[in-house]
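Participant: Sequence:
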Amino acid sequence: RVSLRVNQQNQGNNLNKAVGLPTVSTNPRDTGLSEIVVSGFSTLGDEINNPQRDTANTYELIDSASWARGSHLFKFGIDVRRLQQNGFADVESRGLLEFVGFTGNALAEMLQDAPSVTAIARLDNPQHLRTQSYNFYAQDTWRARPNLTLTLGLRYEYNTPAVDPQDRASIYDPATHSIVAVGKNGIPRAGYNADKNNFAPRLGIAWVPDAARRWVVRTGYGIYYDQSALAPSEGLYFNPPYFNSQLFIPTAQFPIILENPFPSNYPGFIPNGAFTFQRNLRTPYMQQWNFSLQRQIGLSSVAELSYVGTKGTKLIDNRDINQAKPSPQPVNLRPVPQFADIDAFESRGNSNYNALQARFTQRFHAGLSALASYTWSKSIDDASGFFSSAGDPNFPQDSNNVRGDRGLSNFDIRHRFTLSYSYDLPLPAKKILLRGWQTNGVWTFQTGRPFTVTLLPGVDNSNTGLPSIGFGVVDRPNVVGNPHLSHPAPDRWFDTSAFLTPPFGAFGNAGRNILAGPGFSSVNISLIKNTMIREGLTLQFRAEIFNLLDRANFNLPDSFLGSPSFGRILSAGTPRRTQFGLKLLF
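Per the numbering used here, residue 1 is the first one in the sequence shown, and the count goes up by one each step.
Hint data in this document are derived by calculation from the structure and do not stem from the laboratory. A couple of the hints might just be wrong.
Here are the simulated DSSO-like cross-link-like pairs (lysine-lysine), alpha carbons at most 27 Å apart as the crow flies [said to hold, decoys possible]:
| id | residue 1 | residue 2 |
| --- | --- | --- |
| 1 | Lys314 | Lys378 |
| 2 | Lys583 | Lys529 |
| 3 | Lys75 | Lys184 |
| 4 | Lys378 | Lys311 |
| 5 | Lys314 | Lys325 |
| 6 | Lys314 | Lys196 |
| 7 | Lys184 | Lys196 |
| 8 | Lys196 | Lys378 |
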């Protein structure tokens with residue numbers, strides 16, 4: 001059983017009333033302060049996605065068997081699980097106010113009582129999801145020769161689509177352009193049909209080519225299916241009538257003031273958004289393959305060089321299937337105008353990862369054990385995760401051109417080197433103050449993560465429609481020059497003049513994740529002294545230093561065009577830290 005609880009910082013205090021903002025929700029758990037976003041400044045108030053509760057119960061039946069016959073070792077197994085998830089997520093229950101800075105100064109807009117965008121949700125959507133997972137496998141490890149081993153296997157997986165036991169959920173139906181109840185009139189209870197075609201073959205080969213048995217060649221291939229996370233199914237609880245979200249955009253004729261930022265009768269509010277599924281949603285899977293060459297050096301060391309490849313297919317992504325086409329016309333209707341964004345979960349995502357890996361292992365010998373590894377890799381996809389924050393969205397900029405968002409993965413690290421070691425210092429063992437000393441270390445050096453330059457959140461420059469639930473697509477700018485600098489610095493990480501806002505009613509040509517952030521390096525060491533008091537009782541002293549070199553590991557720069565700090569790095573990781581400890585081990 002796993003339970004997660006996330007509360008807003010000001011829970012229990014009705015700060016909206018204290019500062020003159022309206023109290024939106026009457027539920028005591030939703031008290032606090034509306035989230036107030038002022039572009040270029042730290043966010044005020046409580047995060048709009050809190051409070052949250054999530055309790056998951058997993059019931060599991062596992063059994064396996066092995067059978068050896070001649071040069072074959074057969075293995076069989078079954079793994080059956082039942083998952084229950086109960087919880088809630090009171091999204092936007094206190095409201096959201098954004099001051100984007102259309103006038104050139106977001107802070108001045110706040111002082112002038114003129115929000116750029118406001119949003120509110122009225123909800124009654126407790127979440128109760130149920131799903132089962134059935135997994136079966138068979139494997140044969142065949143020692144074909146003394147120096148050759150083949151492993152063949154097949155796994156079958158079936159994950160039932162997650163359903164609400166009372167069918168208290170709804171979904172957008174593209175056929176009728178309306179919100180319908182699940183489990184009725186041909187709509188599956190989960191919103192999509194089950195995928196039962198999940199066979200996963202596996203192959204592995206290990207070959208020792210030399211008589212001295214110092215060389216080992218290994219290769220393998222396998223298909224691995226995802227376990228179908230419940231996050232997409234939670235989207236069904238964010239459809240009317242259980243969830244109603246409203247986004248307000250002020251105009252000269254209908255302004256919005258802080259005394260009433262969420263008006264009940266307002267002609268300029270954006271309609272509700274909706275969630276839906278691709279009816280034949282497939283189970284995502286990964287194809288993985290590798291080839292490695294391993295060499296034993298001496299009695300206690302091993303060097304290894306490997307190639308690793310991974311291809312993700314039918315990965316779960318989402319896009320706005322109700323996105324309007326870019327247009328400079330002031331009134332630009334969506335295809336289904338009675339809805340705002342319609343977020344469709346689809347199995348359309350793809351990814352590719354290729355890596356060259358080198359590793360050296362020193363098993364414990366003469367008081368020293370160590371592991372050094374280097375990876376040179378590249379990862380490409382068209383979306384790297386669900387519900388990403390604004391500025392690094394999971395939604396494509398253009399929902400009708402998903403491949404336009406293909407680029408480096410958010411987590412792409414081109415070069416990474418790590419070293420970990422443990423060394424027993426060879427000091428005289430007869431003296432109690434000198435014996436029992438040990439030093440350990442973990443060193444990490446890597447290049448930076450990529451990031452995407454976008455326009456400010458809440459700015460619908462393409463005139464294709466803003467998301468109604470607080471996250472999603474952010475328009476990108478045009479690239480008009482080379483944004484890379486030969487000597488980037490925290491106060492100017494890239495050439496900001498290389499980006500311009502496109503003409504109104506057009507998408508920008510800037511790609512996704514075309515710039516890289518600062519690298520990361522860290523040297524952590526420790527010195528340990530173990531003193532045996534008596535048999536079974538040891539006193540341990542520890543001195544640990546994190547980030548020994550006190551290097552400033554900068555975070556990603558501000559990537560929002562139009563922000564006062566655009567192109568600048570505003571924060572960094574933890575500086576050098578030293579700690580001491582004393583433990584009694586028994």
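Participant: Confirm or reject each hint.
Facilitator: Evaluated hints:
1. Lys314 <-> Lys378: holds, 20 Å
2. Lys583 <-> Lys529: This hinted pair holds, its Cα atoms lying about 10 Å apart.
3. Lys75 <-> Lys184: violated, 43 Å
4. Lys378 <-> Lys311: Holds, because 12 Å separates the two Cα atoms, which is no more than 27 Å.
5. Lys314 <-> Lys325: Given pair lysine 314, lysine 325 holds - Cα atoms ~26 Å apart, limit 27 Å.
6. Lys314 <-> Lys196: Measuring from Cα to Cα gives roughly 14 Å; hence the hint holds.
7. Lys184 <-> Lys196: holds, 22 Å
8. Lys196 <-> Lys378: violated, 32 Å
Violation of the numbered hints given earlier is confined to hints 3, 8; the remaining hints are satisfied by the structure.
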